[in-house]
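> Here are the chains, one letter per residue:
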Amino acid sequence: MSPELPQQPSVTRRQFLRNGARVAALTGLGGLLGVMAPRSAAKGTVWQIDPQKCVRCGNCATHCVLEQSAVKCVHAFAICGYCQLCTGYFEPEPNDLNTGAENCLCPTAAVKRTYVEDPYYEYTIDERLCIGCAKCVEGCNRFGNGSLFLQVRHDRCVNCNECAISKVCAGDAFRRVPADQPYLLKTTSH
Amino acid sequence: MKNRNQSITRRHFLKETAGGAGILAVGSGSFAASMGLARGASVGKDPNPFAYDVERLRKTDPKLIHYEQVGHFAGPSPDPRRIVIGPEDRVYIAAGNSVSVLDREGARVMDVGLGTGARCVAVAGDGTIYAGVRDHVEVFDTKGKRLATWDSPGKRTWFTGLAVGENDVFAADAGDRVVLRYDKSGKLAGRIGEKNKERNIPGLIMPSPYLDVKLARDGLLRVNNTGWHRVEAYTPSGDLEFSWGKPSNAIEGFCGCCNPVGLALLPDGRYVTCEKGLPRVKVYSPEGVFESVVAGTESFVENAKATLVKGTEDCRLGGLDAAVDSQQRIYILDLVANDVRVMKHKA
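From first to last, the protein sequence lines are chains A and B.
Heads up: the first sequence runs through residues 1 to 190, numbered per the numbering used here.
Heads up: the second sequence runs through residues 1 to 347, numbered per the numbering used here.
The hints are simulated quantities; they were obtained by calculation from the structure and are not laboratory data.
No residue lacks a Cβ here, since even glycine has one placed at the ideal position from N, Cα and C.
Check before you lean on any hint, since a few could be wrong.
To be verified - Partial pick of chain B residues on the chain A-facing surface, computed with a CB cut under 7 Å:
| # | residue |
| --- | --- |
| 1 | Pro207 |
| 2 | Asn249 |
| 3 | Tyr284 |
Bound conformation, chain A alone (with noise of 0.2 Å):
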């Protein structure tokens, strides 16, 4: 025979009332809470690609909740070989080394290539047709020193809470940074 339990006191519906009453402000007060944290953490921060991380999948083209995306292609001229066949500026397989749309490699003609003197030549990107496609970026980190490469401009990003990018993005490149030091920058090669 089983020993009988201990008698236990029952809990009234004024009890149970309560009680659910507070499991229910603490549970709404949690949900508050981690709502407002990521904000919260948030504040401060910005969106940006860690150029180490980036593989160039062309998601930031295409997603940006923008028109025209608030990713675009930076250089560091300093990292820059001034190549007379630059990688990032000419289709593979150019007819010739000349400014012709034929043998540019970006779909905007963002990119400038400016002679500097032989065989140097300056390559600049016109950031109001750049749409952070990172063709060019391809090119050039393949072929090249990797001195192009892409960041979120922040006089153009809307900073959503979830980047629309991020969340597509195939390296895991996007990651908030402080505001105060928005952009993660090359300074060496690849």
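Once you have looked at the hints, place chain B on chain A.
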């Protein structure tokens, strides 16, 4: 016996609540994880409308490949840089902190320790070994005994190639964009390739440190001017005689920002050139006309990846080098895979 009509206690109520919350949390986690996976899957599915497509350049027309592989062996030490063939077809490889001497099958004969990173090597007809480290040249006898350590020419010196003649040693300094001419005692005797309008010399352009120098049978030096995508011929006194080469990713040209990164010479004056980016080894006539492919990009899978992957990979450490033995077999040193392929002309 358990009482089915037992009323709920506070303890039981809280326990059940905690259990439910736990299950809910696990469920949420699983849901989030599944969403993450789905997101990852969707990333993989989307084709990149802006893809930089060079796949067609990575395949070589088989008709152009005139060489076949007849040997293969692993590199003797990590971080290989240059390969040369010395007397008795001994193979000398500058790698790690030493110059390794191998027989023609790749068996190690001797290691010559340098104490610091070996960048380049040249071997005289009498077997004397000239080894370049970053900023100076060291000299060893055939047994590997150190004979001399030459002074460093400067702070920016970055030796990446060496050649030795009867009376001279030529050291390619990529840091200063110059080929230094030494006598065999280590005394600096001249500077070759520096920009000089009066001598009509455009200067060496080196976006990446791969300056090479070879001494041909015609007595002229061959130097790879990678930024100009060409090979230049200089007299030992520094006059520019001629040059050839053009920038192009197509097979007949030199690809990328800066190629060729390595040179070797066949006895009849033809050139063997090595490229990085699209790693490939080709043969050009003495006049610089493209003739054939020794090994195409598809032969160097690991090497080609060096510039494909993200992160800290550095194409400055990629590339190939080549040397020719007495039977005109071409030894290709793969700086990424750290191996040597021996290629012979097809019958």
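> For every hint, state whether the structure bears it out.
Verification of the supplied hints:
{"no.": "1", "hint": "Pro207", "verdict": "3 Å, holds"}
{"no.": "2", "hint": "Asn249", "verdict": "5 Å, holds"}
{"no.": "3", "hint": "Tyr284", "verdict": "18 Å, violated"}
Going down the numbered hints, you'll see the structure goes against just number 3.
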